[in-house]
Structure formats: C-alpha cells, structure tokens
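J.: Next come the chains, spelled out residue by residue.
6 protein chains.
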Amino acid sequence: MNKYVTFGEIMLRLKSPSNERLFQSPSLEATFGGGEGNVAVSLSRFGEEAHFITALPDNDLGMHCTEEIRKHGVLTDGVKYVKDSRLGIYYLETGSCQRPSKVVYDRAYSAFSETTGYDFDEVMKGATWFHISGISPAVSQIAADESLRAMKAAKAAGATVSIDLNYRKKLWKYGKDTVTVMRELTRYADVIIANEEDIQKCLGIASDSDVTSGELDVSSYEKLADEVKKQFSNVSTVAITLRESQSANHNDWSAVISGKTGFYHSKKYEIKNIVDRVGGGDSFSAGIIYGLTHYENEETALNFAVAASALKHTIPGDFNLTSLSEVESLMGGDGSGRVQR
Amino acid sequence: MNKYVTFGEIMLRLKSPSNERLFQSPSLEATFGGGEGNVAVSLSRFGEEAHFITALPDNDLGMHCTEEIRKHGVLTDGVKYVKDSRLGIYYLETGSCQRPSKVVYDRAYSAFSETTGYDFDEVMKGATWFHISGISPAVSQIAADESLRAMKAAKAAGATVSIDLNYRKKLWKYGKDTVTVMRELTRYADVIIANEEDIQKCLGIASDSDVTSGELDVSSYEKLADEVKKQFSNVSTVAITLRESQSANHNDWSAVISGKTGFYHSKKYEIKNIVDRVGGGDSFSAGIIYGLTHYENEETALNFAVAASALKHTIPGDFNLTSLSEVESLMGGDGSGRVQR
Amino acid sequence: MNKYVTFGEIMLRLKSPSNERLFQSPSLEATFGGGEGNVAVSLSRFGEEAHFITALPDNDLGMHCTEEIRKHGVLTDGVKYVKDSRLGIYYLETGSCQRPSKVVYDRAYSAFSETTGYDFDEVMKGATWFHISGISPAVSQIAADESLRAMKAAKAAGATVSIDLNYRKKLWKYGKDTVTVMRELTRYADVIIANEEDIQKCLGIASDSDVTSGELDVSSYEKLADEVKKQFSNVSTVAITLRESQSANHNDWSAVISGKTGFYHSKKYEIKNIVDRVGGGDSFSAGIIYGLTHYENEETALNFAVAASALKHTIPGDFNLTSLSEVESLMGGDGSGRVQR
Amino acid sequence: MNKYVTFGEIMLRLKSPSNERLFQSPSLEATFGGGEGNVAVSLSRFGEEAHFITALPDNDLGMHCTEEIRKHGVLTDGVKYVKDSRLGIYYLETGSCQRPSKVVYDRAYSAFSETTGYDFDEVMKGATWFHISGISPAVSQIAADESLRAMKAAKAAGATVSIDLNYRKKLWKYGKDTVTVMRELTRYADVIIANEEDIQKCLGIASDSDVTSGELDVSSYEKLADEVKKQFSNVSTVAITLRESQSANHNDWSAVISGKTGFYHSKKYEIKNIVDRVGGGDSFSAGIIYGLTHYENEETALNFAVAASALKHTIPGDFNLTSLSEVESLMGGDGSGRVQR
Amino acid sequence: MNKYVTFGEIMLRLKSPSNERLFQSPSLEATFGGGEGNVAVSLSRFGEEAHFITALPDNDLGMHCTEEIRKHGVLTDGVKYVKDSRLGIYYLETGSCQRPSKVVYDRAYSAFSETTGYDFDEVMKGATWFHISGISPAVSQIAADESLRAMKAAKAAGATVSIDLNYRKKLWKYGKDTVTVMRELTRYADVIIANEEDIQKCLGIASDSDVTSGELDVSSYEKLADEVKKQFSNVSTVAITLRESQSANHNDWSAVISGKTGFYHSKKYEIKNIVDRVGGGDSFSAGIIYGLTHYENEETALNFAVAASALKHTIPGDFNLTSLSEVESLMGGDGSGRVQR
Amino acid sequence: MNKYVTFGEIMLRLKSPSNERLFQSPSLEATFGGGEGNVAVSLSRFGEEAHFITALPDNDLGMHCTEEIRKHGVLTDGVKYVKDSRLGIYYLETGSCQRPSKVVYDRAYSAFSETTGYDFDEVMKGATWFHISGISPAVSQIAADESLRAMKAAKAAGATVSIDLNYRKKLWKYGKDTVTVMRELTRYADVIIANEEDIQKCLGIASDSDVTSGELDVSSYEKLADEVKKQFSNVSTVAITLRESQSANHNDWSAVISGKTGFYHSKKYEIKNIVDRVGGGDSFSAGIIYGLTHYENEETALNFAVAASALKHTIPGDFNLTSLSEVESLMGGDGSGRVQR
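Protein chains in written order, with this note's numbering: chain A, 192 to 532; chain B, 192 to 532; chain C, 192 to 532; chain D, 192 to 532; chain E, 192 to 532; chain F, 192 to 532.
Be aware that one or more of the hints could be misleading.
It does not matter which identical chain is used: a pair holds within one copy or between any two.
[As the list claims (entries may be wrong)] Using 25 Å as the maximum straight-line C-alpha spacing, the simulated SDA-like pairs for lysine to any residue come out as follows:
1. Lys361 / Thr267
2. Lys262 / Tyr281
3. Lys420 / Leu339
4. Lys451 / Glu375
5. Lys262 / Lys361
6. Lys271 / Glu517
7. Lys316 / Gly366
8. Lys420 / Val530
Derived by calculation from the structure, the hints in this document are not laboratory data.
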C-alpha cells in the first residue's frame, strides 16, 4: 500500500435539487468537496493510504466535514482546526442541454485561505506521492505560500509530486499574476495534469491546435506537452484531458499522456447522460496517480484514469464513489451498461 | 423600462415526482403556471414592468398564487379575487422516451372561467404591449368575451397586441367553434405566435408543408405566414415555432418569423435531455415580445426568443427562471454547457 | 376476460435515490417486484383477471406486499403466508452512461425459497394461461420442485403455459445444473420467452449469430428458434428479445417471434433516456401473453409486447404502470413523445 | 365474516408537509380520504368484507383513487365512474399548539355531488350493516336524495343502519335546512354516532350540559341520548364522542353509548402528541360498527371504538392503518407506548 | 395603511431536517431570515406597507433573497446590492426536550456588515414607524454606525422608533462595549422591546426579580420598566417578553407592557409542542408595532403581540406566516386548536 | 485516551418516515445500528479510542456499514467480512401516544449470527474496557459461544468488562435457556447494566418492587442490586435504568447505581417529546463506561450516563450524536432547552 498525500481546500457544497435553479425549492443538497480532497477520497477508495492536509474551522461544520472525509477512509492527521473561522462554500446548480452548470463561490475568508504553519514534513514522512492543484494557490497569498512550502516538503521527503493546473477564473483575486505563481510552483512538480486552457492560463504556453475545426487534433497536444517539458525540465509526465462539451449532459471524454515511455491517446468515452460532472477532473488526477504507481505501462495508467473519471460523471457529488474493480471492468471494455445481477 | 400586460388563467400545477406516474408516490410537486402568467413572469425577470390580469379565488390558494407571481416581480394590481370560487388545476406526469408527458385538467368552474368585469382600461394605461393566448377564450364563453374585451382595451390604450394561438384540444367544450372565436380575436392582434397546427385549428388556414418528408420545409412556413397576413391585414408579424419532437426527452427547436422587415429562420437547438417542456411556448412568446421591443433587427429578436425558450426546456416548472444575461449568452453562441465557475 | 395465473417470488426492492450509490443518502426507495409478480400486475392493468401464486412471510412485510399487489388488481387467493420466515430483498443502484445498474441480492432463506404445498390445482381452475420464469427454479431445490409441479398443474388444467427463461448467474447456487433443470421444465411449456443468452445458458442451445459484427443478424434468431422448437416439440412459439445496450441509459429494443404462423421481427425502439430498465423483460412477457390471447396476428402480438416493454423502460419501479390504450397508441405509431393535453 | 356497506364521497387530500402552511414548500402530500370511505377501509383492515359505494371521475384520478381503496381490501363493485367530471379535493394544513388545523375545500362539482342512479339494491344484498354520514347529504341536493335512497335500500335489505351525523358548517350550501334534511334521514337509522354539536346542528336537539364548567358532565349526555331516542323511536343506539381539545396537539378522547343494554362511558385517552386528527371520528364509527357486530357487551364495543380511534390519532392520513390486534391490545390496557421488539 | 420601515441584516438560514443534527442527512432546509426582515414580513402580511432596508450581495443569493422578501409583499426599494460580497448564513439545528436548538453563525464579512451609505432619508419619507434591533449594531462597527444614522433619520422623518434590544452573546466581537453602543442608540427610541436579560446586557440595568423562585414576579418587571424609562426619558413604552423555557418543545409565553396609559400583563400561552421558536421575538415586535398603531388600548396591543408570537412558534421558518384574522381569532380566545372545516 | 472495545451485531435499520406505518410511503430511512456498535460510536464521539468487533457480509452493504461506523471515528480493525452472507435488518415504525414503536426483525442467517474465529486477543491488547450486551448471545449458538470467548479474552487482557443484559423476547430462538446462558456470561462481568425486567429474564432474579403502586420504589432497586452482587461476587457494580413509559412520546428517565462506593439515584428527566427512543439504553451504557472511567465519583458517573441517554432520546437514529460538552452541560443543570446562539 502506497502513502499518498494531498493538500488543498475542501468546501461545503450546496446544490439545488435535480436540475432546479437555486432556491426554486427551499432545500439544498449538502455535501463536501474540493479538488485535492476529492483526489484523496478516490485514492482511499482504491484501497490506498491517503492523507489530506487542510484547514477547517473549529466548529460543527469543521467536525462534520472531517467525519465525511474519514467515512471514505482518508486519514485526517494533517488537518488544522482554526478558531473563529469559516468553511468555504460553493453553491451549485446543475445545468442541462444548452444551460451550463453554475457555481457561485462563497469561499473568501475561509480557514484554508488564512492558515499557515502546517507541519508538512510530519505528514509527508514516507509518502510515495504528493498532489496539489492550481486552485490552492489561487485562493490567497497565504494559500499560495503554503502550497509552495508543501511542494518543497514533498520533494524533500522523496515523494513524486503532481500538480493539476486547474485554472479558475473566478479566483486569483489577491493581486498576483497567475502565470508567475503557477510557473514557480510547477518547478517542483514531476507530473502535470491539465487541459489545454489550463496550460495556457497557468503556464503561459499556448497550443497551436485549431479548435474551430471540430476535430480533436491529437498531434497538437503532443507538441504542447513537449513544449511544457522543454520549459520545465523537472517534469517527466504531462497528462492532458480532452473534454469535448457537446452540452451540459453530453461530454466526450478522453486524454493524452506524454510520459517517460512515449505519448499515448486514451480510449474516448461518449458520456451522454452526465449525472454530475463536478469532480471529473479530480477523479482523473486520482486515476493518473493510482495508475502511474500501479501499472508499468503508461498507456494503461492513462486508460485507468480516463475510465475512473468517466465513471465519476455518473455519480452525484464531488467524490468518485467507485471501486477499483468497477474502474478495471470499464477499462477492460465493459461499458455497455447492462444490469449487473 | 416598458410596461407589459398579459391576461389569462393561472392554475395550480400538480406534478408527480421525477418521471413517476400520478400517485405512484403519495406526493405532488405543487407550483403554479399558465400561459399568460408564464409570459408575465418571463418579462418581469428580464427586468421589465409586467402586469398580469387574472381572477383567483378569495381563499388561501388565491393568496399563495398571488405570492408566487409577486415573488418574480410581476405586478398584481389587475387581479380580481372571487368569493366561493376555485383555482383551476392541472395534473402533470412527465414522460420519457416514447411515453409522452400527460396533462389532466381540472379547471372547470375556476374563478377565471366565470369572472367578468376586469378594469382593463385602468391596467392598460401606458402599456407598451398586451399579450393573450388562445387558451383563455377556450375555457368558457365568459372568458372568451373578456378576452375580446381585453384586446379591444389594449388597442384603445395604444399597446401592441400579441396572441399566442395555442390550440388545446381538451378545452373548447362550451359550444363555440374554435375558428370563429379565434378569427374574431385575431382581428385585434398585431403579432401572431403559433405553430403550424395552431394556425390550422384556430384560424382554419392549412399549410402545404409535407410533414411526412422528415425534413423541415421552411419555405412552406413563409407561405403560411403570408397567407395569415393576407387574411388578417392587421397582423404585421407572424412567428411560427418549429418543434420536432424526437421523443419526450429530445426535441429540436427553432422558429421562423415573418415580420415587418422580412422572413427569418432562427438557429436550431437540439434539446436532447429536456427537463421540463411545459411552458416552452410561453417562454418563446415572452422572448418575441421582449425581442421585438428591444432589438431593431427582427432576426435578432427571433433568435432571442428561441434561445430563451431553449433554456426554458432545462428548467423545472412552468416559469422560465432564466436571466437576460443567460439568454444573451446562449444567443451569442455559448451552448456548450461547460460549467461556469 | 381471460384468467391468467403466474407463480414466482416477489421481493422487497430497495433502491438508492435517483443515480446515487447505495447509502450515499440515508434513504432507500422501497417498493416490491419480481418477475412473475410483475407479469401479473401488467396483465391485471390491461384489464384481465390475474392471479399470483407466491409465498410471503406472515408479518407486516408480507401484509404490505400483499396490499401492493392487490392495489394493482391482482388476485391474491394463491398466496401462502409462512410463519417466522422472511421476505427476499434486492438492493438496486441505477447506473448511467458507462456505469451499469447493480443488483445486490438478499433473498436466501426467503419464504418463497422454502415453501411447498401450494394448491396449484385450485387456483388454476379455468385458467387460460399460466406463466413462470427461470428465476423461480434458480432459487432453491424446493422452488424448482414447486415450479415443475405448477407447470404440470397448469397443463392439467388446460392452460397455455409460457416460460421466460430469464437466466440469473448470481442465483443457481443450490447444486443443480441449470440446463438439466430448465430443460425438464421446458418440456411443459407452449411458449418460450428468452434472449439469446438465456437460451444458451438454460437450454444449452447456442446461436451462430456473430455478435461482434455490430449489426443484429435477425436470420440467426430464426434459426435459433427453429432449433429450440426442434428439440422441444411441445413448444409452439419462441419469442426472443433483442436488447442492444448502448449504455445504461440507452438501449435499442426489439424482438422476434417464431410462432404458429411464421417468423416476425418487431419494430425497433431507440430508448435513449431509460428511467428504469428493471422489469423490462417481464413487461415483454406480459405483452406476449396478452398479445397472443387477444390478437389473431402473431406479428401484432409481438409488436404489442415490444411497445408495452418500451413504455416500461420509462416508468420507475418493477411494475409496468401503463394502460392498454397507452400501449396501443405507441404500437399504432405515436412515439413522438408530444405532451398530451 | 360480515358484509358492511358504506356510501359517501372520497376526495383527494392535499396536505402541506409536516406543520408547514400551504405552499411554504412547493410540495403536497397526496392521499385520499373521506368519511364513509375511511370507515370502509377500517372495517376491511379489521378483516371484514367492506364495500364502498361512491362516484369517481372516469379519468386517471378516479383510477388511482380506486387503486388506493382496493389496496386496503375494500371492494369497489359499487363505484360509478363519471365522464368529464372531477374528483373533490380538500387541502389540509396541520396545526400545532394554539394554531388549529385548517381545511380548504375544493369539492364543488365533484362526481359524487352530481351522480344519481347507484344500484344500491345490488350492493346491499346480504349486507349486515350500512353506514353513512351527514357529510353526504350536505354536499348537494342530488347527494342528499341519493343518501336517502341508500338508507331505504339498506333497510329493505335488512341491514342495520348507522349514521354519523358529522356536521360541517362549510358545506350545506345548496339551500336546504340541515335539520330538516338530517331528521328525515335519521328516520331510517338504527344507530346514531355524533358529538354534542352534531346533535344540535343536525337534529335540533340541544344538550343542557354546562360546557363552561371545564368538567365533562357525563350525565347530561345520557339525557341527551334519551331525548334523541325519544324523538326517533327507530334508533336503538346513540354513541356520543367526547373530544376535549386542549390544543391542536393534545385532545382528550372518550365516548358514551346509550344502547340496548344501558348507558356506558368509555375509558378516556389523553392523546398529547397527535399525529393526524383527521379521520378520528370515522375510525370511531368503524369501531362502533365492528364492536357492536362482534361483542355482546355494548361497553366493550364502545371501548373498542375509542381505542381504535385513539390509535388513529397517531397515524398520518385519513385511513386508520391499524390492525385488529393492535386495537385489542390497547383496549386491553397496554397504552404505555413501550417499544415492541 | 401605515408605512413601516425596518433596517437590519437578513441571512440564509440553513437548517437540518426535522430534529436531525447538522449533516446527519446530506440535506439542508434553505430559507431566509433575520430580525428586522422578519418584522417587515409580519407587518406586510398584516396588510400594511412595509419597507426593509438592508444590503445584499450582488449575486444569485442576493437576488433570491430579494425574491423571497418580495413574495411576502415587503417593498425592497431600500436594498443595496454589493459587488463581490457575501450573504450571511446561520446554520440551525432544532432541539427537543433537554437538547436546545443550536445556531452556528457564518455571518462575518457579509454585505450588511460592511455596507455604508444607505439613503435612509429617502425610504423614511412619510414613515409611521421605524424598527431596528440590537443585532444590527452587534455585527460590526460599520453596522453600528449605520444603525445610529438610521435611527436619527427616522426621528427626523417623524416616525415612531422602536428597538428590540435582542442581545446575542456570540456577536459583539468588533471591540466595542455593548452597553455603551446600545445606550447611545436607545436615546433615539420611543419604544423598547426586550426581555430581562437584554435589558441587563444592553442597557446595564438589572432586575431584582428572583428567577430562582420558579414563579414569575410580574411586579419586578414593572419596576424594571420604570427604571428604564427613568434613565431614558425619550422612551414612552417598554414591552418585556416573559419566556419560561420548560424544554426545547415547551415554553410558556407572555409579556408585559409599560406604556403611556399604564402597566399591563398579557394572557399567558402554554406552547407545549413548539414547531419553530426562532423568530418568536421578532413576531412579538411586529405585533407590538401593529398593535400600538391600530389599537387605542395598550393592553389590547400587547395581547395582539403575544397572540401573534404564540402562533409564530407553530410555524416553520423565521417568518410568521400567519394572517391578521388568525391572530385576532387567537387573541379573541380561540386557542383550542379544533380543526377548522 | 482509553481504549474501549465492544463486540456485537450491527444491522441495517430501515425506518418508515416520521410517524408513518411501514410502506405508507414508498420510502425507508436507511441507517445502521445495533447495541454494541451504538456504544462504540458514543465512546468514540466522546473523544476516546473505540474498537468495534463484528462480522459483516463481504458485499456493498458490509462496505457501507463499515464506512458509517468509521465516519464516527470507530476503529474497524476487528471487523470480519464474510462471503455470501447477509447483513441483519430491523424494520422500525415510530409510534406516538398510545401506539408503541414497533420493530420487525429480519436478522436470521446474518453474518454475525454465523461467524466464528474472531481474533479477540489481538484487538483486546491494551484495552481498558470491554463491553457486550445480552443481544449477542440471544442471536444464535455461535454468537453465544463467541460472546463467551470475547468476555474471557477481555478478562485475560485485563480489561474491565461490562454487560448490558438487554433482554429481547423476539430473539432467543435457537433452543437455549436465557437464564442459563446469561448467568454463565455474567460470571465474567465486572459491571452489569440492566433494567428490572432484564435482571429477571436474564439472571432469574426478581425484584420485590410493587410496580402497581405508580411510584418508583427506589429502595427495592438497591435490594435487587444487592441480590445480584450476592449471587455474582465478580460483579462490583450494577447500574439499573428506570424508564417510566407514560406514552410513546413521553418517558421519564432516571437510573440507580450500586457501585463500589455506595448506592445512588440519579437526577430524573421528563422526556416529553421523544424524537427516537431506540438506542437509549446503549447511550446509557456508553455513559456508564465513560463515566466510571473518567469520574472518581460514582454518582457523577451515573448522572453523566443519564444525561447522555436523555440527549439520545432527542436525536434520530441509533447513534447518540452528541458531544461530551453537550452531555456535561445538561449534567450541569442546563436542561431548559433555550436556543444557543
């Protein structure tokens, strides 16, 4: 069993029921979620040891959030509890057809955004892998500083380090330039996970793919990955997700990886009746981490990640509540959806 | 800000949960809706002044219906409250695939069907536009008489008058011939909104389009609109909706307009995962009214209306709970359904 | 009005809400269902006299299960109540896209699996038709013995006998070989209902259709039916369902029948937004039984059955809560899903 | 097994969730209920043969109402289905403390209020008992006429006839005087069930009890019953319920009976956490009918009825979903509410 | 119709279902509420013109909060919308028996706490009455400053000014002394509403009542009110609520008023099955304001207020969704809770 | 931090919503619970190290049950997973007033009832305390044997051993005499927790208290405890709960302890609006265990236990979701139920 560590913010997720607009009914589905926490949950559910480092308010909300993480087996020894603080929130409406899902953030002044002093070295001891996303440094200067400290600690501990660039335009409001911050962080990464836009917005590296052609130009992604690796010699692997959004319900989903052994394009899934797309990228990250740790073959690792995240799209909530055997079954080709009985 | 006035019936809408048949669970979703009320809500939510004239029972149901209309900003100064009366009801099951949605009406003897004496002149003062649908005159002789009176009052007040022909075969039970009644009303309209069947059933004007061909024959709609305008010289504009119903979940949706400046065919939306199709026509009417009032270009007005109603199909309930900016965004081409965050 | 009799197990069906995994919310949808009970409910709702023979525990669960069957008009004079016993349960998660629906059985030691001594002769008196499925003999040796006894009683009473082979790999755990048991039962059947896999697993007769071609090879099903009839001279009719599972939401659905008058292939339905696929086969069986009893034309009977089961896919729960007129309407070609109002 | 017949109206019951006001949430609990239907359900659940005569609209609502009655074992051979008609509705808010529960009726023009021509003689054949309430004649002239016809048919068939006077001030709007109508009907009754107010408002016979004293004056009820029997020599038994309403949650509940063998006062129950008080009187009527048919001792019959209705107050909905053994257990003295396990 | 104006914060109220602890189910009831907003809603529902001045974030949450206020007829011309801000939240668990209800605040950094520059003079024009509570100045220095400004503007506009002292120990964290701030504000009030603890904590005036005696010592409240009036000569009226909390479900509720015409003790209500106690004080304030404006007799005004707030305890949510006639009915003595039908 | 270990069965708990009878709505609340598991959850939530030894089926139900236990911090290293087994179930209806709550067991053939071979020695290492209840040996011979083995292992490990006698008449069906089995087990206990009936049914020791007197005769409990200690010299402490069940909603709740330092009677709580009484005894056991471990004073320990279980009655579900500080606050006298804000 490997030891995985992730660091980031987890929020209260308040979603209107089914496809309703917010407050159309006086009810909100109340769960928890957030990039790196989602990754930790996935890895734990795949049977691994996963630690999640975060900051939570020292009140009932922080306690219940901890319970929810622990339910999925994630170890919470790295969590800091902050007095008189608050838990970040994101409100979510689930779109359909031409209407996009919509997120309203209420995460300013959260415990995570204002906390320093994590004992990264302690939690990182013996870690195989450390993962972070570009959301954490986007939240506040403090969070950006801690993100950098976490990555350095991970490198010092001998862990492989992955970063999901994950650009969020509604964040990055504390006055720093995204590219500057993200490029500095990326210096400490071994593995980059991103989509094309993330790479442009976070690293300032543009693709020459012709998005207007309507066809995915896979070769352009190989070039893009090469350019990233050229600029960041520390990076051995770049995994790029290729989401083709036909509508809020229907996305086609595949990915490429430029790894140590070559460049591979995964199987593509047509996901036509999406249940919940939020957390899709995180489930991919978890799949890449698990895959690269467990499979010799990088193409297999990639296909594991894409299958895992395809399944995530069918599960409500941020967390990818799927099992290793379910991912392996889909990866093995059984995507017909026949009833299992 | 323009002043819009609509007149018609609003009902209690009792829907079985999700795709259940009625009473499969002992629960009904209870909201309110009805053609012209839906239009008023749309217009109010687009930021305009909207008045809705109707009759409600002078009891708790009438009070709560008023509250719901008012919630969306619609002004209720034209509402009459009737003692010992009832609120009309429609029961709704939402179909799927080959199973159609089903409406069971319980609207006989409603306050609206038996009320006379609205002070149309008072509410119409300064109105830019008045809107009515073919449902109102279908309900009862009294409602038909009041509909005519309303249209005359609107013309007298200098308002532009639109009518959504909206043929309902389960109504029209009070002994009058649909075509006779509707043609008389149409004499007072500037703008007609309809689909092909409405025009045939309400005005007695048939299209020569070949529906069996499987392809929309747009030119036949131009001819049809021309014929309507020929028979009704008072009508300057005919907007025809083109719903291609592939299944209960999947409709293709576009429209044409034959206006003052020419004939235009809108963008077509493939709406493959319909959330709630009821109120789709009303949201189009509201879009046409808003569009023709705010855009010089009739094609733009049409595209606004089609985008607005495409969004309605993704929102539960009769009301089109969408904002001006959301319609404009879709109209501007962003229909990919990517999460907004 | 015909008298139909079915025999089999009915279970408590515990489903997680919407597309959730089990226990994602602390709530389960609690209904009842099971092959032959589903068939009886369908036949009763088509306006016929339907009797369901089963065993239930003599406790509140057995009582409430009886109430639910009776609600749909099924006569329960053939039900045995067993002291200190239990009601079988199946847990259900509804899949989506590439994630299959999943059944977890908890039906061991059920009243049905341990009960003998039904008075089949009494209930069969005057029966037109008797129906059973291959699930009953799969449950236990006792149930297999009673299944055989029931079929013999039905033949003795002069009823037409149908069997839905219905292979369930998670059952058949009591030590007997499926083919041996099922071939013996099939000696008492007039009508076989099955899919290709059922025929192979239950009767040991393989098709030579090339499933890898991606196209349905209808002629191979004719050959398969011929082979079945050759081996079972008592069988006059073989109906084979052709489910093409594109995803958990999207199945294409048709069937063939090799009857007394020839071989027919039904209309095919693309069912793209499945609401609940469980009970789909049972609704087909009920359709075949009703169809062959009411229509002279076997192709019409087949099309009735396929239309009935297409509608079942749109209705939550095991039971096909659709009416005769709705099936006839779809069978007559109205599958556009337009709102009925 | 006795054969019991009841005649009256059953309605759709639409209740706001828990203690909410109507439409506080966009949801209504949707069940069915109404005096004589509630009585039939009780009697059926006690293991007897119960027939319910009523009129329902010939639409989906009438069908589902029938299913619900049938679920509880009530025989529906006496139901008439009426085209183009409606099902009566009552809206219900559940009060608490000083806030009373509130009923809003929407039952005008219902199928029951407009239907004639029931074949009472056919259903009454062999009936032991016939029951009706004072709600039926309060609905419309037609319903009053049919009520009288039903009572005469019951007498002709040799059944014992009971009437629950059940005065409803929001009804009686069709122009007839309550006392005149009810006294005529009462001429055909053997058993009267009522509270003090019912006797005054329906029969014009006032009690001399001093309600302001705060103590129940049981002897005054004996005098009242005597006076009723004096004026109606056909009446052998008068059962009077004594509800002391402390608050919407807390009622004290007992009854007296003046029967063939004497005058008895039942045990009194303090019902301090009422779940649903509606249908409480009907459950008492069913208890009296069952009790007088099954127990020699009239005091026992009375105590059975009071225990049955005490249990009704703890069960949501109009129907008294309790079993014979549960009533007998409470009647036997076990009212401590200890968990049964 | 009088014009009433209130100023204060309204929050999102997130409550766990029924008596659950937070997150016991993944669902929260989502409504809106807050002291002065609750008062405005009450006054509007009593049929008066009510304006609510507050600050809301300029996002979907602010929009939906506005809709909810407007639904109840409150005029929102005094609302300011603030960019990049947040809506305050309070989480609520409803206790029972010995377990108290629990509030977790998440209201720091709210739009209300940081907003200045309201145009009080404009909204106050022609106002009969202005109301504020001690919660507003407890939130932040800015809110305290604006509270003072509002009270001065109200006095300038000639309105009667009331303040509900409403001490909240979890607030008052911005560094100012409660007594200092509150005494300054109280200089501008005509009417004080409070309980004994509020007077001590906000004005520094202690009662000499002996709370340990278990009996309410009404005369001590008269002395307390006299002392308040002595220290604040501007105050003509002091209304003191007397809540005797027996358990989370059972409170006894009465009040005293020391007004212009004398000192009165209201009727006392035993509220034994509380549905929702939050907002109880606000409903009392609204009752006092309405009562003193509409009744000559101060005792009647007090009894109106106590009856209104007794009813509030039976209604879920912050708002007192009761009508004038319901309050008058209870005030008139009908508190038996008998079903109204 | 102490290490506590418990051993027993945990079941799926399926409850009808609010006060409904089973299947009145097609929905069940689905949580988990069972005596010793409930105790472990309580102890963990009080901040201690708690291990729960049990057997679960090796399927999704077993997995989700584990997650739920883990959520509350309980360590599951002692759980055995059994192939092809089942999870026990109990169905629950919540009574009210005179209607008792009702449990229907479906726990035969559960994993727990058939599992042997737990590694008790391993889990017991370093344990401070071991707890078991009389439910475990009531389930099956195997479970009784394992219970004995567990108690011996606990003694061997040096743990204090407590047993909650917990007599369940619906169990004990495997042929052994309750008293014989329970007396043998009790030989290994240091602390007995029980009510009067448990002691009689499990140990064969009757009290001479006069239950018909209506008053609790505390001195008789002292004698009873003395007799138990006389017969079981190994037992140092007997805690007896005194539940006075006024109705399903209202229990009075206190306890006595006969410990090492004397005999004490706790404070008594009137619990008049019970939310969920199931698990009340387990919360008392957890309280006794925690109390005796943390307080020198046995009376304080007892009062802690009674306060903890009083709070349990206000919380839905089997688990006592209350915190140490909440128990301490109630124990300290604050039971007024005032809102905490």
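J.: Hint by hint, say whether it matches the structure.
T.: Okay, the hints, checked on the actual structure:
In the homo-oligomer, the alpha carbons of Lys361 and Thr267 never lie at most 25 Å apart, since the shortest distance is 29 Å inside one protomer and 29 Å across protomers. Taking CA atoms no more than 25 Å apart as the test, Lys262 paired with Tyr281 passes in both settings, with 21 Å inside one copy and 23 Å between copies. For a Cα distance limit of 25 Å, the shortest separation of Lys420 from Leu339 inside one copy, 20 Å, qualifies, whereas the shortest one across copies, 62 Å, does not. Proximity of Lys451 to Glu375 under the C-alpha cut-off of 25 Å is restricted to the intra-copy arrangement: shortest distance 23 Å within a copy versus 60 Å between copies.
Taking the shortest alpha-carbon separations for Lys262 and Lys361, neither the intra-copy value of 31 Å nor the inter-copy value of 29 Å comes in at or below 25 Å. In this homomeric assembly, Lys271 and Glu517 come within 25 Å of each other (Cα to Cα) only across copies, at 23 Å, whereas the closest approach inside a single copy is 34 Å. For a Cα distance limit of 25 Å, the shortest separation of Lys316 from Gly366 qualifies neither inside one copy, at 34 Å, nor across copies, at 43 Å. In the homo-oligomer, the alpha carbons of Lys420 and Val530 never lie at most 25 Å apart, since the shortest distance is 44 Å inside one protomer and 29 Å across protomers.
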